[in-house]
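Student: Now for the letters of each chain:
Number of protein chains: 2
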Amino acid sequence: MSRAVREFDMFSPEAKILVAVSGGKDSLAVWDMLQRSGYQADGLYLGLGITDYSDTSAHFARTFATARDLKLIEVDLPTEYGYDIPTGARTAGRVPCSACGTSKRHLFDKAALDGSYDVLVTGHNLDDEAAVLFGNVLRWQTEYLARQMPVLSAWLGFPEKVKPLIRLSERDTAADCVISGIDYIIDECPMSSGNKHLRYKKALNSIELVSPGTKFDFYSGFLRKDSHLFRTAYFEHTENHATAERSRHAIPAEVSHAQPVRIATRAERSTSSLHAELEAGQ
Amino acid sequence: MSRAVREFDMFSPEAKILVAVSGGKDSLAVWDMLQRSGYQADGLYLGLGITDYSDTSAHFARTFATARDLKLIEVDLPTEYGYDIPTGARTAGRVPCSACGTSKRHLFDKAALDGSYDVLVTGHNLDDEAAVLFGNVLRWQTEYLARQMPVLSAWLGFPEKVKPLIRLSERDTAADCVISGIDYIIDECPMSSGNKHLRYKKALNSIELVSPGTKFDFYSGFLRKDSHLFRTAYFEHTENHATAERSRHAIPAEVSHAQPVRIATRAERSTSSLHAELEAGQ
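Residue numbers (the working numbering), protein chains in the order written: chain A, 98 to 379; chain B, 98 to 379.
This list has only true hints and no planted wrong ones.
Which copy is meant is left open, because identical chains are indistinguishable; a pair holds if it fits in one copy or across any two.
The calculated lysine to any residue pairs, modelled on SDA-like cross-linking and capped at a C-alpha distance of 20 Å, are: (1) K113 <-> W252; (2) K299 <-> T311; (3) K293 <-> P309; (4) K298 <-> A272; (5) K293 <-> G310; (6) K298 <-> T311.
Derived by calculation from the structure, the hints in this document are not laboratory data.
Same shape as in the complex, but just chain A (with noise of 0.2 Å):
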């Protein structure tokens, strides 16, 4: 973890986080990971009314967090919003991996920015922003192409997040559990089942098998080699929210289209973005 926190200058030492944690072993093993490296990390458990799965995956977040001494804080959705996962995507008519995906990010957002959190940490890994990047090239997305980073700056009504297991496999991560004694829910969302995102992870990791190194090499040759293509692409095409889009991606103006857009440093972020822009009066 400490690679990609230093590769992609992610946080400082100083960083109050926030973890968006599911009980499941990314996000106890990356909340494991700051702490035991000295970081002032906090957990974030959002109940989502998935019954007896919602029931078990909390009950690893708050066993995990008690043995730690750590601070969780929760929020239910039943309770606080009135709404849980399978009635609410079947009112929005919506497939429930995305209504919840919606959901997640506005509540984890929220209590990042209500809390003051310089930066939030979520524990996609490998497999993960692989699966997603293989969704997103087989549909062509540029708009979601030329977002996929590791970091996403800090914008207007979002804070900073970040992915600090990139570099880490499932298998890395479900390891780190064992070795470190964490225990965790295994199963997968009920819900999720079928989804396409499953599909993907199964797709890649049949080749995966046979030509180990494969999920990494696509990952990381997309973000070193063509990642500035889409961006520069997509930012040519939106003109008109072309400022606030580089400011949230933490690209500096004078980055040139013709080469590839190394990651921003922090302190790079901070002076490029819109909040600086704006107090600057531009």
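Mind docking chain B on chain A? Use the hints.
Tutor: Chain B alone, transformed into the frame defined by chain A:
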């Protein structure tokens, strides 16, 4: 087929066409379609010296040509060049499919130029192109992504090459053969077992099965939405080859980098060719 020929302005009704014929369903189907559509198309069969497999595939190619009174040119590697694919690949220390691809490309190009053909047609179908695209994307091979087009214009030492079956799946061409009474070799080449191309096809098929249309969207979305990004990047990073490459890929110099490049018409390909530029003293 006629839609792809029209859409990508592949060749004129009077073109002298050479079809790369393997004895499999795709090459015989495209030859059959061309012939039925009134084009003048000869076939070229390469004897690769892969024992029984080569004997059987040659039989199907010859039977097809004889029944339709079509001209089939035959080039036999062992007789004319003194090597076959199994021993040639072993000697060169290369994967058989890789050595075979290089040999075939060279001999097809040579035969098309020697015979003064206007265009070399191959039977690559949608499944082939989607699998190649998947492989190129998995490794983010910018150069290959820049070149993966349904039409590659003539260049010094290379004939124009087109793929009229890019809109058809393997199932479509197999069905066409059944309907048209074409007998073809059904077995895959015995040397290709376990090769990456087949693995990529399998992975994409696992997704296509649940989300029909994925392969078409993947390939056509690439051509339509993002392929120009890779061409732009490739050209900008190879300044010294830029003129030659632009010519080969039939992209007029005035085409803006900022917008998707449409496929150049035959007239544009001819006026923008390196040959024309050299003649004009550029």
